[in-house]
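A.B. asks: Mind docking chain B on chain G? Use the hints.
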Amino acid sequence: MNLNLQVNKTHTFDAIVVGSGMTGGMAAKELTERGLKVLMIERGREIKHIEDYETAMKAPWDFEHRGKVSIHSAEEYWANNRFGSLANEETSPFFTDDKKNPYIEKRPFDWIRAYHTGGKSMHWGRQSYRMCREDFEANAKEGIAVDWPIRYDDLEPWYTHVEKFVGISGQKEGWDVLPDGHFLPPMAMYAPERHFRDQMKKSLNRPVTIGRIANLTQPQSWHTELGRAACQYRSKCARGCPYGGYYSSIAGSIPAARKTDRLTVLHDTIATEILYDEKTQKAKGVRVINQHTMAVEEFFSKIVFLNAGSMNTAGLMLNSVSNRFQNGFGNDSDQVGRNIMDHHLGVGANATVEGFNDDYIFGQRPTALYIPRFRNWKSDKQDFLRGYGYQGGASRADWKRGIGQDGFGASFKEDLTRPGNWNIGFGGFGEVLPNPENRMFLDKEKKDKWGVPMIVFDAAFGENEIAMRKDMMRSAMEMLEAAGFKNITGNNRQDTHLGLGIHDMGTARMGKDPKTSVLNKYNQVHAAKNVFVTDGAAMVSSGCVNPSITYMAMTARAADHAVKELNRKNL
Amino acid sequence: MLGGAFSAPTLQAMDAWEQRNHHSGKSSGAEFSKAQEQIIAEVAEIIIPRTDTPGAADAGVPVFIVMMLKDCYRKPEHESFASGLQDLEKSQFLSLNKQQKETAIRDLEARTVELMKEYQVQQTKMGDNEDREQMKEVAKGLPFWRLMKELTLLGYFTSEAGIKGSFEYVPIPGKLELIKLKPGQRAYAY
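Which chain is which? The protein sequence lines are G and B, in order.
Letter 386 of the first sequence, counting from 1, is numbered 385 in numbering that gives the first Met the number 0, and no numbers are missing.
Letter 35 of the second sequence, counting from 1, is numbered 34 in numbering that gives the first Met the number 0, and no numbers are missing.
Hints in this document: simulated from the structure, not taken from any laboratory.
Owing to the predicted nature of the structure, the values given are computational and were not obtained by experimental measurement.
Mixed in with the good hints there might be a few duds.
Stated by the list, open to error - Distance condition first, Cα-Cα at most 30 Å in a straight line; then the derived DSBU-like pairs of lysine-lysine: (1) K67/G - K47/G; (2) K69/B - K67/G; (3) K69/B - K399/G; (4) K174/B - K399/G; (5) K485/G - K181/B; (6) K281/G - K301/G; (7) K100/B - K89/B; (8) K258/G - K283/G; (9) K399/G - K100/B; (10) K47/G - K174/B; (11) K511/G - K283/G; (12) K99/G - K116/B; (13) K74/B - K67/G; (14) K105/G - K57/G; (15) K469/G - K116/B; (16) K74/B - K399/G; (17) K163/G - K174/B; (18) K399/G - K97/B; (19) K100/B - K98/G; (20) K485/G - K200/G; (21) K485/G - K97/B; (22) K163/B - K57/G; (23) K100/B - K163/B; (24) K57/G - K174/B; (25) K201/G - K179/B.
Claimed, not checked - From chain B, some residues computed to sit far from chain G (all C-beta separations above 10 Å): (26) E30; (27) Q85; (28) S94; (29) F166; (30) Q184.
What the hints assert, rightly or not - A partial selection of chain B residues facing chain G, derived with a Cβ cut-off under 10 Å: (31) I46; (32) T52; (33) K69; (34) A138; (35) I162; (36) G164; (37) L180.
Backbone N, C-alpha and C fix where the C-beta goes; we use that ideal spot for every residue, glycine too.
Next up, chain G with everything else stripped away, as it sits in the complex (with noise of 0.2 Å):
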């Protein structure tokens, strides 16, 4: 009996977080700063700011094969490669092995995964940009889905308080289609990328801007408190920056939080079940399995947050059942695992650049052009619903222009050492529309190696993403041409998936009828009020922007409200 009180206390915390990435990291800063003792579980392998970072300062010939994926490593790597090279030599190390992992397609997705300390956070694209009020209305004007419980305003202050502590770098524009935030200094547009805005300005009247991204041009305080310094315009984030340049939840929340003295974070220890108390009617904690031990505890805690990634969170939640949950936890709605949204992408054109011939740059910039949403926008109406945004920019051709070239020798390896001419392309990030019927379940009968059920995919594009992808092209193409560009050719792959923008979300949607949603307007599981959802789960549209800095505002919001919530001892 006192043993167990013993184990009771040291496994009782005021919160739980399951998941370290993007959102864990911002969900256990934001608890554990306004007083409450929280435990963070990670399922995958501890990694350390700056000494794990295996890869981050290698020159490029100490890659073997130099940035090109072997076959045993796409064999093993086999989702993250079966478009690109995600996992590459450079980034595997944040990236996780699909044939250790597996999951089953019922239709083709592609599942990245990032099972280590920081999660996705480790990877992003770092392109931060705040949803417009159009993106939190949409559903209600077309009937699409459900209405956001949500709207702009309730976020607002959220995202400047999120942008204010990872450091976003971008140029104040005063779109309502892209709604200012809190930024440091924006990175320098290249000449020909401003010759192409103006162009655009002048002809399409299309908005064009330097990517809104979370690299720090201007290290504040704050920023510089915990460890972090200035970019150094390696572009090497992927690989992990030494420098903490860009934000990633080690480099940020995560020691924050720590700096609290009231975090306590395990690795290598997978959440596999809720605990419900049917009692309270709330849950009462989670039950882990340390995934090389293999030994099975339960944690317990006033509230939970479930921060897993998206379709890792509403497996758990599928997979925990009791008899008030029989259908999974919160789980009333049957909307658990539906509304599998992502953004599509693979689409786009490129383009020579005439001239230009000795502007040159020195250091590499981590970000690109951003050109936002234009189509159903305003005035402007097609047979397609929603929009997209486009991402690229101009860059001078390197040595590997030579591969597509006819020429050897001496005066071709010399040509070679001189920057070639510009090129610029846009590649597009298109709105996905919810769909009860894209989703992802628990398979009956088979397990992982630790007794969870296999997740299944069953999900693809829609007719609405096929019909704006031909737009995307097109008008990527137009805009190419309207700036005098040469040489273009547009793309529109036809080899990607739900899932490769590493954008997917929806599957426990928030809303304001507990009949067709699983979250309220804070985040909290209808059914059960002390659990949170706060990664991407919670999306109820997708929007075209990338995502994380709205997930991020979510969590602080809801995270706020938690602790509220606990004061007036309403959970």
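C.D. replies: Relative to the frame of chain G, chain B by itself:
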């Protein structure tokens, strides 16, 4: 046939092979005879010769090419590469003089341009400004010359000798600056 007058870079490449073969247990389809390895080394050196800066052999490119074929390419490329090598063997490539070799390579390049048309190679700009090469999938492997050129350039321009000899290597720029290119200025490498 072996034992003729090899250029210094070729001899150096052969040496590097001996060393690698000693402690590498790898093998998978891309197996080459001594004469074929010699052709690989000579063609790589024709593409990137030693000038006032190091050449392909100085940068270890011939060994790199064979390793890459084994590690990163599958059967179609192993076959197309082998068949290209066999064609050069049949034309007595190694016994040609320097000028004849260059003419043979020029012809090979012209023939490859035609072959490559069916691949419709395209540079694709991905999100976050990343370039990816996109190629129509064709059942046949990429032609020998294209593989030789791609792997020679990759092996050379990412090697320490190649980078330091060809570019201004700046691993930690520390700033982003728009500058005007000076006449003859080399590209930066990072």
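A.B. asks: Going straight from one Cα to the other, do K485/G and K200/G come out at no more than 30 Å?
C.D. replies: Roughly 19 Å separates the two Cα atoms, so the pair holds.
A.B. asks: Straight-line Cα separation of K511/G and K283/G no greater than 30 Å?
C.D. replies: holds, 25 Å
A.B. asks: Would the pair K57/G and K174/B pass a check requiring their Cα atoms to be no farther apart than 30 Å?
C.D. replies: With Cα atoms ~19 Å apart, K57/G and K174/B stay inside 30 Å; holds.
A.B. asks: Does the structure keep K74/B and K67/G at a Cα separation of 30 Å or less?
C.D. replies: Roughly 17 Å between the alpha carbons, so the hint for K74/B and K67/G holds.
A.B. asks: Taking 10 Å as the limit, does the beta-carbon of K69/B come near enough to a beta-carbon in chain G?
C.D. replies: Holds: closest Cβ of chain G sits about 9 Å from K69/B, inside 10 Å.
A.B. asks: Checking hints one by one. Is I162/B an interface residue toward chain G, by the C-beta closer than 10 Å rule?
C.D. replies: Check passed: Cβ of I162/B comes within 6 Å of chain G, closer than 10 Å.
A.B. asks: Let me know if the C-beta of A138/B comes in closer than 10 Å to any C-beta of chain G, holds or violated.
C.D. replies: Not OK, violated: A138/B not within 10 Å of chain G, min 16 Å.
A.B. asks: Would you check whether G164/B satisfies its interface hint, that is, whether its CB is within less than 10 Å of any CB in chain G?
C.D. replies: Where the cut-off is 10 Å and the nearest Cβ of chain G is about 8 Å from G164/B, the hint holds.
A.B. asks: Run the distance test for K100/B versus K98/G: straight-line Cα separation, threshold 30 Å.
C.D. replies: The hint is violated at about 47 Å.
A.B. asks: Does K399/G lie within 30 Å of K174/B when you go C-alpha to C-alpha?
C.D. replies: holds, 24 Å
A.B. asks: Would the hint linking K100/B and K163/B be met if the CA-CA limit is 30 Å?
C.D. replies: Distance ~29 Å between K100/B and K163/B Cα, so the pair holds.
A.B. asks: Need the status of pair K67/G, K47/G: alpha-carbon distance at most 30 Å?
C.D. replies: holds, 27 Å
Comparing the model with each earlier hint shows violations of hints 12, 14, 19, 21, 29, 30 and 34; every other hint is respected.
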